[in-house]
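Protein chains: 2
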Amino acid sequence: MAAVSDPTETATAEGGARQANQAFYRALTGLDLEGMDALWLHDARVVCIHPGRPALLGWEAVRDSWERIFAATRWMHVEPTNVGVGILGEMAIVTCWENVTAQADEGVGIASVQATNLFRRVEGSWRLIVHHASHVPLDATPSFEGEPQ
Amino acid sequence: MAAVSDPTETATAEGGARQANQAFYRALTGLDLEGMDALWLHDARVVCIHPGRPALLGWEAVRDSWERIFAATRWMHVEPTNVGVGILGEMAIVTCWENVTAQADEGVGIASVQATNLFRRVEGSWRLIVHHASHVPLDATPSFEGEPQ
Chain A
0 MAAVSDPTET
10 ATAEGGARQA
20 NQAFYRALTG
30 LDLEGMDALW
40 LHDARVVCIH
50 PGRPALLGWE
60 AVRDSWERIF
70 AATRWMHVEP
80 TNVGVGILGE
90 MAIVTCWENV
100 TAQADEGVGI
110 ASVQATNLFR
120 RVEGSWRLIV
130 HHASHVPLDA
140 TPSFEGEPQ
Chain B
0 MAAVSDPTET
10 ATAEGGARQA
20 NQAFYRALTG
30 LDLEGMDALW
40 LHDARVVCIH
50 PGRPALLGWE
60 AVRDSWERIF
70 AATRWMHVEP
80 TNVGVGILGE
90 MAIVTCWENV
100 TAQADEGVGI
110 ASVQATNLFR
120 RVEGSWRLIV
130 HHASHVPLDA
140 TPSFEGEPQ
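These protein sequence lines map, in sequence, to chains A and B. All the letters of the first sequence, read from the start, carry residue numbers 0 to 148 under numbering that gives the first Met the number 0. All the letters of the second sequence, read from the start, carry residue numbers 0 to 148 under numbering that gives the first Met the number 0.
In short, the hints are calculated from the structure, not lab data. What you are looking at is a predicted structure, and each value in this text was computed from that prediction instead of being measured. Note that CB positions come from ideal geometry on N, CA and C, so glycine has one too.
Here are some of the chain A residues that sit facing chain B, going by a computed Cβ distance under 8 Å: (1) Leu87; (2) Met90; (3) Thr94; (4) Trp96; (5) His134.
Between the sequences and the hints, there should be enough to build the whole structure, so can you do that?
Set out below in structure tokens:
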């Protein structure tokens, strides 16, 4: 924990985690399974939750889901905004708003998605271990307002 | 990381994280703000995402949301099932299916919610740092089936 009390060290860690988060959305937009392979930790403890779906546990199930999503998608553009990063030792908690435009067989769709991405620093690289994405109404604002549902 | 390679140590950590997860759902069912106070890490980096809502960042905003939810709810019962726990050093990644029955002003409702709960071990206690909850269809199964949306 000593390292994270150093502001310079924390800033460097935040920058690295932001870059890893960008790499995730580049892989998503590029329908790039190899990009996902490089970014995710290949471990039985990783978790991925696609919008409206139950949790997938373990890299094998997670990779299989990306393969199927990419196969079913003609093109996709995902622009992350409102990116927040918190560093806790060797973990980075990243939250962002995913602005998604995608074409699948049934046509073009847009969506606003709230994501939590958790990265773990392994041998100097930030590897994705949790991705939880959930729909929010298109007319919502990224900041919290009003009564929770 | 040495500790987590010890199976006994990992089993103990898993047990502790499961107990902390149970404590979270007891606090939720009990509309117990003090229980939430005791469980969450009081830190600017904590994250809470209620179903269909944007992220709340920092303990102050998170606590305020629980206070408002509890004030607006007459009673609530939340039964976690399909609990999965992964230990990574001082972090525990817990996924579960929340079976929610609640009465608010507008009547009784039931919901199925997929949650990711992330705990960090601080001075021997597992403290909640991320709660991300998202609706899944009531007729879905907790295991992943079919094409992702």
